Structures are given as structure tokens and as C-alpha cells.
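Q: These are the residues of each chain, in order.
2 protein chains.
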Amino acid sequence: MAVADEHYHNDNKELQPLLVFGPPLIFQVFESRNSHKYLFLKAFSSQLPLPQFLTTQNVDPSSIRTILCNQLQPITANVIRLLPSLALIVTTTVGNDHIDLPECNQRGVQVVNVGGQTTEDVADMAVGLLIDVLYRISAADRYVRKWVPSKPWSLPRGSKLGGKGVGIVGFGRIGGEVAKRLEAFDCRIMYHSRKRKPFVSYPFYSNILELASNSDVLVLCCSLTEETKHMINREVMLALGKEGVIVNVGRGALIDENELVQCLVIGEIRGAGLDVFENEPKVPKELITLDNVVLSPHAAVLTSDYFTDTCEFVEESLSKSLLF
Amino acid sequence: MAVADEHYHNDNKELQPLLVFGPPLIFQVFESRNSHKYLFLKAFSSQLPLPQFLTTQNVDPSSIRTILCNQLQPITANVIRLLPSLALIVTTTVGNDHIDLPECNQRGVQVVNVGGQTTEDVADMAVGLLIDVLYRISAADRYVRKWVPSKPWSLPRGSKLGGKGVGIVGFGRIGGEVAKRLEAFDCRIMYHSRKRKPFVSYPFYSNILELASNSDVLVLCCSLTEETKHMINREVMLALGKEGVIVNVGRGALIDENELVQCLVIGEIRGAGLDVFENEPKVPKELITLDNVVLSPHAAVLTSDYFTDTCEFVEESLSKSLLF
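From first to last, the protein sequence lines stand for chains A and B.
Residues 1 to 324, numbered by our numbering, are exactly what the first sequence covers, in order.
Residues 1 to 324, numbered by our numbering, are exactly what the second sequence covers, in order.
So here's chain A without its partners, still in its complex pose:
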């Protein structure tokens, strides 16, 4: 019998050990909803290596079948090898880059991510940021809040969305949802991704520079890799041009942020809607005073529905694993 078994009885209910890395944003809510079900082993709150941490918790590594995590702490092969009964890793992220997938495959450990849960919210946010930048909604809102009565309203003009050429960079689930939405606004959709998508009829550009030259707007929806880091450099921004707008709901480092700041300050592009930044939570100080940017604190998915939906999704994924 595992050493940790003594923890499993609490008011006559058996608590399942759940090893938590990260912690995920939902953790506080998740913990309060599930304290009757799980013994939470909070690896994220300890500086100790995992074996010592488990020892301090009186938990036998072989009693652990499930991990809950996000991208803040990687699940390495060493972690996986330490847990002989590990059957399931649930990550609250869109990607699985922080998990050693080959090791999981070899060991038959199932990996579940909540990506699909947030696809539509991120796409909604991308469209919202784009409309905001073009029609200057946040800038106008600031203007109205500072407006001095008795003066007429007067503020810089926006630019309409209809008819704009929108280049979607990274045509995965989020890119597809962005395209579906912007078609309804009569935008011309085109895209760039590693490979042409066989079932997508929008024009494909293998070259990001060519996409930028043909677009009024770039919407960045791809993941961050060695290849995509700083793919939106000065040359791409100049190709997009003075009326061009960039929306980034991917990762901050997809753009060379220093160059972006310069282009926005001197008007080499029209504006930007940014939900992500290169060194979060830092936002370049030059952007704070600009009216042609909309700044969002990586909030695309952080709706109250997200917390409820994601908790439910994680709960469901974990209870399935208990049926193994």
C-alpha cells in the first residue's frame, strides 16, 4: 500500500493525489471546487526537487496517476520517469510544448490540453482588437472621459474594416475562426503558414513579406518557435505599409517589439492591437502614450466563463482517468 494512502481518507471519502505544476490560472477556483476529491500536491509552491518534495508530503511517487499543469513548469522526461503509475497529464494551455511528448508516447501517458476551449474567445478578441484599432474605440473612450463640456467633439478619424485585406499568420484553429468572423465583415482573407492547407481556399502566401505587401491587416495567431520568433520584423512592417494594422493574439516575440515600437511611434504602420508582449508583464513604455495602439494584458481567454468552462473540462478529463 502506498505511503500516501493515509491521506486518502477524509470524512470517509477517498482523496486522489493530483500533482500540480505551474500553477494554472484556474487553480485557485479548481482547488476550491474539488477539495473533496483530490489531495493537491502543490509542486509549484516548493523549491525542492520533485522526489524530495513528494517525501515531505509523505506521498509515494507510484501513487500518482495524474498531473495538472501549465507552461510555467516543464514536465520533463525525468518527471515522467519518476512517476511509474502516471497515466494522464492535463494542461490548461493551448500547446503541449512544455511536456516531453516522446516520453509520454513511449510510456502511454495521455496528454490532454484545453486548447479547443479557448479558440473562439481568442478569435473574438482578435476581431475586437482589430475593430478597436481601426475605429479607434479605446482612444475615443479615453477622449470622451477627458472631454471638457462646452467643446464640440473632435477626434482623429478611424478607418473602416469592410473590404480590408487581412493576412492571417498561422492558420490553425484560431486562424480559421478569425477568418470565419472577418468574412462576415466582407474582408478579403489570405494566409501564411508553414504549409499550404489542403482544404482552405483562401490565397496562401509561403512568404510572409509577400503576405504583408498584399494585406492591410496582419493577424498573428501562430505559436512561437525558433522559426517564428521575430518573423514580423521591420522589413515586414514596411511591406505592410503606413495604413497597415497588426493584431497579435499569438505570442509577443512573434514581433520584433523594438522595431514595432519604432514603426508605431513614427507612423510607419497605422496601428496595433496587442494582447501579448515580448517580456510580459512589461509593456514598452513608449506604447503607453500612443493612441494608435490598444494594449490588452494577455486577457483574450480570461473570461469568467473561461474559469468555469476550464474547471469543468479539467474535472471531466481527470474523472475519465480514474476509470482506467
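Keep in mind that a hint or two might mislead.
One copy or any two copies: either way a pair holds, since identical chains are not told apart in the list.
[To be verified] Capping the alpha-carbon separation at 25 Å, the derived lysine-lysine pairs in DSS-like fashion look like this:
#, residue 1, residue 2
1, Lys320, Lys37
2, Lys37, Lys146
3, Lys285, Lys146
4, Lys180, Lys160
5, Lys195, Lys160
6, Lys146, Lys242
7, Lys282, Lys151
8, Lys242, Lys229
9, Lys320, Lys242
10, Lys42, Lys146
11, Lys242, Lys285
12, Lys151, Lys285
13, Lys229, Lys197
14, Lys151, Lys42
15, Lys285, Lys320
16, Lys242, Lys197
Rather than coming from a laboratory, the hints here were simulated on the basis of the structure.
None of the values given here were measured: they were computed from a predicted structure.
Chain A is fixed; fit chain B onto it per the hints.
A: Chain B alone, transformed into the frame defined by chain A:
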């Protein structure tokens, strides 16, 4: 020969007299683009009655074939009767309420408005305001601009758009365009208007209270009449409920603004996106400090494209009239 003919020769080009009421927002741009074509008779800049004004301009009323106007100065039957050669009124508004249409019909005066030019922009703005209120984009933007480095990001959560029930109030051209857009976000569309629209398949509610009870969001796109004034009263807002959002791109007085302010302050509804107000340019001071409202200075159509497009549309309409 008309008295005003002496004005018509300028660098050997004949200037057509154009009587301008209002003035329309585009007038400054329009004037600079068309000073070689028209003799601008700026009725809006004079306190004199029209006949005396025309006399001071040395213009014979019978030489005037065209009027350019907006809703700020009505084109009454008296104005029309004073101008025996009047053939065309071009208004830069969506509606024609400020023009005596029976008199125009009787006299065979053509009335052209630019309504259709701005339909899509207004619909875009409605969707932008809705996403902004739900995902708290402007509030988050203010938050980021005031954020003190070294603190983690932390701000109230938004609510997702997908799956929301959207009640469109007034299902004309703008309402239809809003519906088309929000369908792409997987919203459930329903509507209220004076009469059921025979070719619209969305659920119809003849009762605004019933529509509000069944909706998460109300988007106001109807015109202001005796019947629609204050149609969104306290009872309707309570029926919409604490999670409800109102977007107004119609006219301010469609809502009982005092009641709206109360509901927003004490949280009887979730939030509001307002492009219009009851006593523009005044905005109720209680709204200025609220984070659950987005305030826009009647700017839905005021894109730089609007100015160009509307000028072109007016130019085209006027040159057609010269072919009569």
C-alpha cells in the same frame, strides 16, 4: 439670365450654385475638393431668412437646382417653394426626416441620402462595442496604461461572446448587417421591429420586454420616433438582467438615459457600449468613472474612408442632377 450668373465664371469654368444647409460633416473636405465646380451658398453660416440670404449673395432663387444638407437644418416646404428650379436634395444623413418629403414628391424633387454608405461601418462599430464591453478591452487598455511595473497583471474578468442571445432592436439595413456579423460569432440572433419581416428567419418578438427577457445582449439600431423614444426603460433593463449588455448605435433617446445610468452604477445590467447619448455632446458624468461602459462620441461612421466615400457619393449624385 440669373443675377448670380456673374459668379459662374471663374477661370473660364462655369460654377453651379449649390445651396448648403447644415453643414454636413463632410462639408469642409467637400468644399476643398469641389471649389472649381460649385458656387457654395452657405445658408448654414447666415442668420438671415433664406430669401434675404440669397439676396445678399446676389443669387436668383430660380437659379438653384440642388441642395446639400444634413439633419441640423430642416428643409421645409417653405424652402422648397422658394426654389422653383429645385431638382435634387442630397442629404448626408441616413434618414430623410428633416426634409418635407410630401412637398418634394409633389414638386418632383429627388431626394438622395447616403444611408447605405455607412450601414456597414455602423454595424462594425456595434460589434466592436459589444466585444469591447464583454471582453473589457477599453477597461483593460486603461489598466495596462496605468499599471505599475513589478506587480502581476490582475483585472476583472470578461464574458465570452459565443453562444450569447442577441436581440436586435430595429431590423433595417444596419440590424441585418449586425446579425450577419454576429452569426459568425455563433450568437443566437432574434429581433424586434414594428412588424415581422417576411424574409427574416430569426425569431421575432413584437414585445420589447419579451425580447429583453430572452436576450443576453440588446443592440439598438432603430430610428428615433415618438414610439421608440425611451423604449429601453428600467423595466426592459431589469428584464435583460444582471449579465445583460446594451449596445446603442441608434439614437441616445432610445434609452431612458437616467435609468440606464442607475442600472449601470448599481449593476442591474452588466454593461453598455454607447455611440450615442440623449443630450450630445453631453455624456452623463456618472458614466465617466465606470469600467463597465464604453463611451464613443457618435463616431461610428466617422472614418477617413467615410469622408472620401461620402464626398464621392455626393459628387456623383450632384453631377447626375446636372444632366437633367
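Q: Going through the earlier hints one by one, which of them does the structure break, listed in rising order?
A: 2, 5, 6, 9, 10, 15, 16
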